[in-house]
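Number of protein chains: 2
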Amino acid sequence: MPGNSQRRRPLWLDADEQALGVIDQRRLPHQFVTLSLKTVDDVIHAIREMVVRGAPLIGATAAYGMWLAATNSMGHAPDPDHFRQEALRLKASRPTAINLAWAVDRVLGRMETASTAQVAVDLARHEADAVTREEIENCRRIGEFGRPIIEELSRANDGRTVHVLTHCNAGWLACIEHGTATAPIYAAFDRGIDVHVWVDETRPLNQGARLTAWELAERGVRHTVIADNAGGHLMQHGMVDLVIVGSDRTTANGDVANKIGTYLKALAAKDNGVPFYVALPSSTFDWSLRDGVADIPIEERNPEEVRWVQGWEGEGPVRVRICPEKSPAANFAFDVTPGHLVTGLITERGVCRATAADIRRLFADKIKTIC
Amino acid sequence: MPGNSQRRRPLWLDADEQALGVIDQRRLPHQFVTLSLKTVDDVIHAIREMVVRGAPLIGATAAYGMWLAATNSMGHAPDPDHFRQEALRLKASRPTAINLAWAVDRVLGRMETASTAQVAVDLARHEADAVTREEIENCRRIGEFGRPIIEELSRANDGRTVHVLTHCNAGWLACIEHGTATAPIYAAFDRGIDVHVWVDETRPLNQGARLTAWELAERGVRHTVIADNAGGHLMQHGMVDLVIVGSDRTTANGDVANKIGTYLKALAAKDNGVPFYVALPSSTFDWSLRDGVADIPIEERNPEEVRWVQGWEGEGPVRVRICPEKSPAANFAFDVTPGHLVTGLITERGVCRATAADIRRLFADKIKTIC
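Sequences listed follow chains D and W, in order. For the first sequence, position 211 matches number 211 in my numbering, and the numbering has no gaps at all. For the second sequence, position 238 matches number 238 in my numbering, and the numbering has no gaps at all.
Hints may contain errors.
Repeated chains share a single entry, so a pair holds when one copy, or any two copies, can fit it.
Said to hold, decoys possible - Listed below are the simulated DMTMM-like cross-link pairs for lysine to aspartate or glutamate, each with C-alpha atoms no more than 25 Å apart in a straight line:
#1 Lys366 <-> Glu112
#2 Lys326 <-> Glu177
#3 Lys326 <-> Asp194
#4 Lys326 <-> Glu315
Keep in mind that the hints were calculated from the coordinates and are not lab data.
If we strip away everything but chain D, and leave its shape as in the complex, we get:
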């Protein structure tokens, strides 16, 4: 489903159902370019290079990666070792988002029962479709559970604008439909609530300025791009009613890994009494971890992403260096916000506090299956 028809999605099966179509998110907002992924290597490259990004979308893309592993094995008997090998490669493409391993293992689990190559293809396709469908439904429900938070602020405000700050992109581009952090915003907007979004630029890759701003503009939601440095000042001056962000991995205790810089906004929210919510489907929980700061692996990416900024000039995309030629840089992609800074987690089962007990109350069945 290319992006110009119906409701856009960042992921679809090509018309002949032989390849996975994706929006090349590195090119947005300046160019709308789609790519066709035909092999596991294509998928790994797309995830690693952030053609696709965002925890739920990485999960769904990797799920279809397993389907491509199966389609590319047609003509041989299904080889569980090969599928396990491909699953390992896919899971290693990026380290922080837990949805990736969750989705790949889920599809692999189905494929291992396949008696023929065609059955492996069908099972993989079926399971990847199910992952995708469920994540869309999870995001829709996150929107429904999160919307009342914004409506309540609107009422308390006598209907005046509710100002929401978000960091990075946890919109439909990151999640197939609705988004996680954006789902409550879109749901409130669709109900006529006057909402305005402060969009953190989100250096180094500017997913806020590039992707969130683009999504919001397309939907007609009022928004303002700000430097990542600005949120604290806005909160000190009563210009932010609510922060909502997504997550790449959340521990059983409620510690939240998300795009680097999220923790700084959580500190500012706490210091100024601004509610700080994290929106996530249950696929983003890592039930095996408790202490997020100590235990969540944080990806370190190429420092060139910090030393250069990609943008648009005149008629084309241009990358400019923003520091001295020989100055080194470091590029940590995520940080961890301790649960005590989080007002609430907005999940597909409702809103809960970011504590072990509250999370367990909502997700006891899921926790049991891994313990």
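We have chain D already, so just place chain W on it with the hints.
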């Protein structure tokens, strides 16, 4: 004194002493370009467009702006009303840095006593020279008082690297010589302390990535450029021993206005037990204010500075747009860090806590003159 001879300065009198020479700091680190300011309008333009920036340098530049007001009035009897008018225009060029008003008023005070145009020129020149000389000496002393903080951390570390994080540029480019935040770093480095600096990029104008990285590279101080988002993560993982920043205005209670985003780093430092110091000459105190968040005027600059990033590509400077064409932006240039988040103020008279009582103890004489 152009930049390639001796110890560089960002401000000098041209050889014929008819104009003020400055480094065009917008072009660094990619190009070393100097400009010659001949009129008050030139000076106002240079301050407003951030050809020169940094509170102490803005003060010194504006002081020489008053000297240019005098030189350009030669041939008439000195007109105090005209000088006051020019002083008002200079003081209005940027709103947050208090050094600007302090330096201009100081030179104006001397000029008002002039009986002839030549005397006005001489008095203005004398006072602007004095402002500059004193600010250099203040920065040198800030280095001497701040150096033991770094030496102590080095000793506690068994001589291993001391990691200092800084935000924006409070180096010699901002201060004529030594810098404020960088003065203790340079002083420790000169004594052979193993020091490494985390350089916040400092969007939107990237004074960290452009100017601080350049200064440190020129001096041979090890440094690493990071996104503004990264500092919290580094502090959570014990990778920052100390934060030192400058200030554009500090209240009598110790609330510190500095480049937007400073407050977020102060919160992270507090949360992780990392010492957070502010280095400033006494010209940066605003003795008339107490509550910084409520009372310090925060400059709002052109949103295009957020929507575009200036950098270098191939053979020349290029500006790239980093958000959708129609997405608006907001550009607050400073924020205020409440004194209770500040471990200490490093001044030319020593280090004190950021409290009204401790500040008064060091600067009783200066406070008295305005109360």
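Structure-based check of all given hints:
1. Lys366 <-> Glu112: within (22 Å within a copy, 79 Å between copies)
2. Lys326 <-> Glu177: Answer is between: at 23 Å across copies they meet the 25 Å cutoff, but 42 Å inside does not.
3. Lys326 <-> Asp194: between (48 Å within a copy, 20 Å between copies)
4. Lys326 <-> Glu315: between (29 Å within a copy, 16 Å between copies)
Violated hints are absent here; each numbered hint is respected by the structure.
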